[in-house]
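For reference, the chains in residue letters:
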Amino acid sequence: MSDTQQTVFVVDDDTAVADAIRLLLRSVGLGVEVYGSANEFLKSHSPDRGGCLVLDVRMPGMSGLDLQQRLQEIGSKLPIIFVTAHGDVPMAVNAVKAGAVDFIQKPFRDQELLDKIQEALEMDERNRAEEEELGAIRNRIRSLTHRETEVMEFVVAGKPNKNIAREMGISQRTVEIHRARVMEKMEVRSVSMLVQLVMRARTEE
Amino acid sequence: MASDGSPTGRDTGIRPPIAQQLKERIKELDCLFGISDIVENAGGSLDRILQETVDLLPRSWDHTEVACARIVLGGKEFESEGFVRSSWTQESEIRVHGELAGTIEIAYRHSRPPKDEGPFTREERRLLKAVAERMGHVVERLTADERLREREEEFRERMTHVTRISTMGEMASSIAHEVNQPLTAVATYAQACRRMLEGGMVETPEIMEVLERIGEEALRAGDIIHRLRGMVRKKESEMAQEDINRLLEEIAPLASVDARLNEVELRFFLPPGLPEILADGVQVQQVVLNLIRNGIDAMEGNTPDRRTLDVRVSSPDPKWILVSVTDQGCGLPLESEKTLFEPFFTTKQGGLGLGLSISRSIISAHGGQLSFLRNPQGGTTFVFSLPTASETEDE
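Chains X and V, in that order, give the protein sequences.
Taking this note's numbering as reference, the numbering of the first sequence is continuous, increasing by one, and the terminal residue is 380.
Taking this note's numbering as reference, the numbering of the second sequence is continuous, increasing by one, and the terminal residue is 400.
Everything labelled a hint here was simulated from the structure, so no lab data went into it.
Honestly, I wouldn't trust all of these hints.
As the list claims (entries may be wrong) - Counterexamples of contact, computed for chain X against chain V with all Cβ distances above 10 Å:
{"hint": "1", "residue": "Ala260"}
{"hint": "2", "residue": "Ile312"}
{"hint": "3", "residue": "Asn314"}
What the hints assert, rightly or not - Covered stretches of chain X, going by a simulated chain V footprint (3 or more residues, C-beta under 8 Å):
{"hint": "4", "region": "206-215"}
{"hint": "5", "region": "317-324"}
Quick reminder that beta carbons are idealized off the backbone N, C-alpha and C, glycines included.
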């Protein structure tokens with residue numbers, strides 16, 4: 176169950192810069208939380224909190240890039256915007272390739288940062304919505320019985336009922352019953368819809 | 006026969022007996038060797054040489070008990086005990102680089118029997134002339150030495166300045182970064198403030214606080230620039246009583262940015278209550294920055310768990326301050342030990358290789374020593390000593 180409110184998490188060891196960003200975001204009505212180090216952020220962060228991350232590339236101890244890697248390891252999809260100093264462009268490009276949403280150079284125009292944050296927050300919302308849907312689909316799959324699952328596999332593979340019956344060693348009538356139950360539990364009305372859902376659930380794993 | 010028993014008959018052509026001649030030669034030699042000793046042991050002090058020479062001279066003249074000597078040189082007068090001007094004098098000119106610079110004279114306080122020139126002999130005049138020439142040479146050499154020392158000092162100052170600039174150049178990205186931080190804060194605060202006012206959602210006290218922070222950050226940037234200009238400006242060596250901790254605290258922000266940019270953790274261990282040193286603060290800071298730079302470079306290829314650089318200050322003895330910079334790098338190869346401090350030795354591409362050589366020169370000029378140790382746990386520690394202010398006072 177995700178937190179519907181979105182928070183911008185700011186991680187920067189320079190207190191003045193972090194504070195200034197905090198005020199800027201507050202002035203446009205965004206929720207903000209400031210952390211002085213990557214460790215601090217990791218300790219108090221839970222993956223069900225939505226929003227995005229504004230992160231300084233270079234910090235003592237765990238760097239911004241290290242944090243990005245750590246978050247990926249624990250499966251967090253929180254969008255990251257890297258804040259870089261002049262001359263960090265190659266590093267920033269790598270960061271984006273590694274999955275960061277964007278980067279911005281200091282000193283920056285407020286509108287630019289706000290636009291990027293907006294984009295990141297929208298992306299996070301879409302991600303979470305997607306996650307929820309997938310979760311629901313997986314739940315439905317899990318609710319199938321062992322037999323129903325078997326039948327579903329055959330149906331998705333495109334086998335006609337007659338063949339399914341023969342392979343499973345049950346009557347065609349029984350196959351039809353199982354199939355109907357599958358369509359009901361999966362909340363679909365056509366086989367093509369069923370195939371789509373199953374493919375989605377499977378590729379994301 | 007003369008009243009003192011010595012044979013007379015010093016008309017031209019008649020030479021005094023052999024024994025007499027030998028005595029005179031010995032006196033002359035004694036005099037000249039004596040002067041050599043004086044010059045050697047005077048430690049470069051012209052005044053001392055001149056005074057000791059006039060004190061020595063009377064011994065080498067026939068009538069020692071009534072002889073006295075005087076040198077006039079460089080506007081100063083040096084006299085042996087009880088000198089009086091009299092009508093019985095021998096005088097010789099002192100010339101420096103061919104120019105008349107002064108005079109040297111021997112006088113007899115009381116009348117004495119006549120010889121070649123009044124009461125003096127030809128040999129004595131010759132000796133006086135030789136001594137005068139010697140004094141001229143001494144003056145020439147001392148001024149040449151001093152000029153050489155001045156040129157050396159000038160050269161060292163220029164090289165120190167060059168390496169300081171070069172170090173600054175190496176730290177250019179850190180410097181730009183350090184200034185950029187407060188600038189970013191100022192820009193962001195100001196923009197935030199504008200929006201807050203646009204949105205009409207703020208009270209005056211809050212705006213006031215933001216404006217105050219803007220001012221502070223701008224001053225912070227100015228302070229960094231100011232400190233940098235201090236480091237880069239070429240100036241004469243300014244020796245003053247300094248607190249080593251304060252000097253290190255001044256450069257800590259700059260060094261920390263450099264460390265941060267290279268993902269190195271920089272730690273300072275500055276115990277309170279240390280004795281002060283007599284030093285040129287900027288030069289000492291330059292040495293420390295150089296060692297920190299080297300330490301950062303030494304750990305370039307290290308894993309994140311071995312990227313700590315420690316700066317420690319201690320005073321194991323009230324006469325000395327020790328400053329050490331310890332890295333966790335791969336250490337120094339044995340072959341480089343001999344050439345480490347030589348000018349132009351560098352393992353860095355594009356490096357000038359002057360840092361350690363100048364650093365050592367600076368520390369030596371302060372009366373201390375710069376050397377290094379290998380750490381048992383890997384890496385190198387560079388350490389230098391500086392005499393404390395009270396120690397230098399005693400000198």
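Right, here's what the structure says about each hint:
1. A beta-carbon of chain V is positioned within 10 Å of the beta-carbon of Ala260/X; the least distance is around 5 Å.
2. Every Cβ of chain V is farther than 10 Å from the Cβ of Ile312/X; the closest lies at roughly 41 Å, confirming the non-interface assignment.
3. Every C-beta of chain V lies more than 10 Å from that of Asn314/X, the closest at about 41 Å, which supports listing it as non-interface.
4. Judged by the Cβ-Cβ criterion of 8 Å, the region 206-215 of chain X is not covered by chain V as claimed, because only 0 of its residues qualify and three are needed.
5. Under a criterion of three residues with beta carbons nearer than 8 Å to beta carbons of chain V, the stated coverage of the region 317-324 of chain X fails, only 0 such residues being counted.
The structure does not agree with the numbered hints 1, 4, 5 stated previously, though it agrees with the rest.
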